[in-house]
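Residue numbers (our numbering), protein chains in the order written: chain X, 80 to 377; chain L, -10 to 116; chain R, 1292 to 1433.
Hints listed in this document are in silico derivations from the structure and should not be mistaken for laboratory results.
Treat the hints with care, since some could be wrong.
For lysine-lysine, the following DSBU-like pairs were computed, each having C-alpha atoms within a straight-line distance of at most 35 Å [unchecked claim]:
#, chain 1, residue 1, chain 2, residue 2
1, X, K238, L, K(-9)
2, X, K334, R, K1358
3, X, K238, R, K1393
4, X, K238, R, K1358
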Amino acid sequence: MQNTRPEQRTIRFHVSRFHPENERGPYVQSYEVPVHEGMTVLDGLHSIKDNLDSTLVWRSSCRMGVCGSCGMLLNGRPGLACTTQILKIAKTDLSVGPLPNFAIIRDLVPDLSSMFDKHRLVHPYVIRADEAEIHDPSGEFYQSAEELEHYLQFTYCIKCGCCMAACPTLATDARYLGPMPLTAAERYNADTRDGGQRERAQVTGSSRGAIRCHYAGECSRVCPKGVDPAKAVQLLKRRLVLDYLHLARKSEPCKKLKGEGSGSVMPKIATAPAHTVEARKEPENLLQHSSSATIHRP
Amino acid sequence: MKAARLWTWHMAAGVVLFFVLGLHMGIMHLGEIGHWFAPYGNLAVSIANSRFRDGMLTFTVGYIALLAIGLFHGLYGLRTMLLELTLRPAMEKAITVFLLILGIGLVGLGTWAAVAAHGVALAGVKG
Amino acid sequence: MAAARHENRIGLWGWIGGGRWGIERYAYSLHRLTGLAVLLYFLLHIVVTSLRAKGIYLWTGSGFFHKPIFRFGEYLVFAAFAYHACNGIRLVLVELGVAIGKPIEPVFPYKTSLRVQRPLLIAVMIVALLLLAAGGYSGLTQ
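Construct the entire structure; sequences and hints are all you get.
Below, the structure written as structure tokens:
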């Protein structure tokens, strides 16, 4: 009878351990893990926790490369534990550490709050003069498929922090914004609905902004979603230089298909179907804290 | 935005240096180009040829420009590296001031030398 | 009380650190190193050449500046300049968004801007090598 079970091999996992209450710094603990083809690093960690050491701590959630929780340093390179096949990067030994350039909370859990703080600084949302339209829209914004492509790639970022861990500037410069926040800035700058370029340039054009990138390219190489942060940051730099030299093309945020401030609707665009839910008017004081209109079921 | 502006000039200076410093090296070390500016023998860096070039106003102005552009590009680059070490703001300011003084001082020294050498060379021609 | 964190910044090793990095990472490290080397030479060059205003021509005669070791050192500086200049032109083009392509929809296996600018990297490295060869030939024949 043919054996259909995949071949098993033992891989030595060298896992970085750190408990803030017991240790002064991280140390490496090794585990022998039976591995078969198809197993991801995350599967390997689960195997350790289930069978060898229940105290091992890491952060993960979706286990399919969507949530961005399980970014780790795998054999010296940042990547997602859930989408990295063990046998693709390890023959006998595999080192697993927390993402560098972030403080360690425990074992393999990095403190990503510094990244999210920097993300917040670049105003990662659509900014418009007609702010009321954002909160209580009277119609859709007009944006062509071609215009969408200017920023679509950068919207796939899952904020896993791999790019930040691979960046050589962030290895020494704690104040540098880093690839993820700068990519987010370019994502909104390139969005034709947005008019906040000048506001973002105050941060992205500062001494902690895009000029600290020197195109080592590691962020793009390690990005598990193909977002290409290095490209976004170079486009951001180009934007800063052209703005400074007054060579940038003047553009206004796009108009709406209908409603207040509308442009002309392109021919052959079908009429949108009627709303299935009705937007509820929020009281003024609540509107200040909420950016999305709530709905009630009919 | 000030940082982005300085960086733009750093980049522009780099492009200028690519051509001007390349030309400078060609004149000093490649006989095929250098002989136009080195009429006294084959060695472009000999005293006689150095004095000949010092006597040309184009070279005096060119030396000063090359000095200023080169120093700006180089010292800004060094400052960039140092400022990426997450130093204390006071230290960063001290580095900026030190490099600024060093740059201005060296531009001053080089300008004085170029102008003085120009004078010496012209006096030699007249004398 | 907030729990203690362990700082995990790579530090200076991150600038030059080996490992599973790509060629652009090494191009970046070498760009810094050659920049520092050229700057150091440039600062000494300014002082040495400024002395000519006082009639001191240190580079003539048969002193240290004519010893083979100094000539070799000078060649290394030239090599550093050739690399730094050629790679610098690539960086200017890349940083102005010229040679990196337009944003695309990421479809696995992902193609990044690194691959788009790679021919440019190879081209400038060939130019740098040609300059090195020409400089070496010129130095040996002088």
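Results for each hint:
1. The hinted pair formed by K238(X) and K(-9)(L) meets the criterion: a straight-line CA distance of about 29 Å does not exceed 35 Å.
2. Of the pairs offered as hints, the one joining K334(X) and K1358(R) is violated, with about 72 Å between alpha carbons and a cut-off of 35 Å exceeded.
3. At roughly 22 Å between alpha-carbon atoms, K238(X) and K1393(R) fall within 35 Å of each other, so this suggested pair holds.
4. About 57 Å separates the Cα atoms of K238(X) and K1358(R), which puts this hinted pair outside 35 Å; it is violated.
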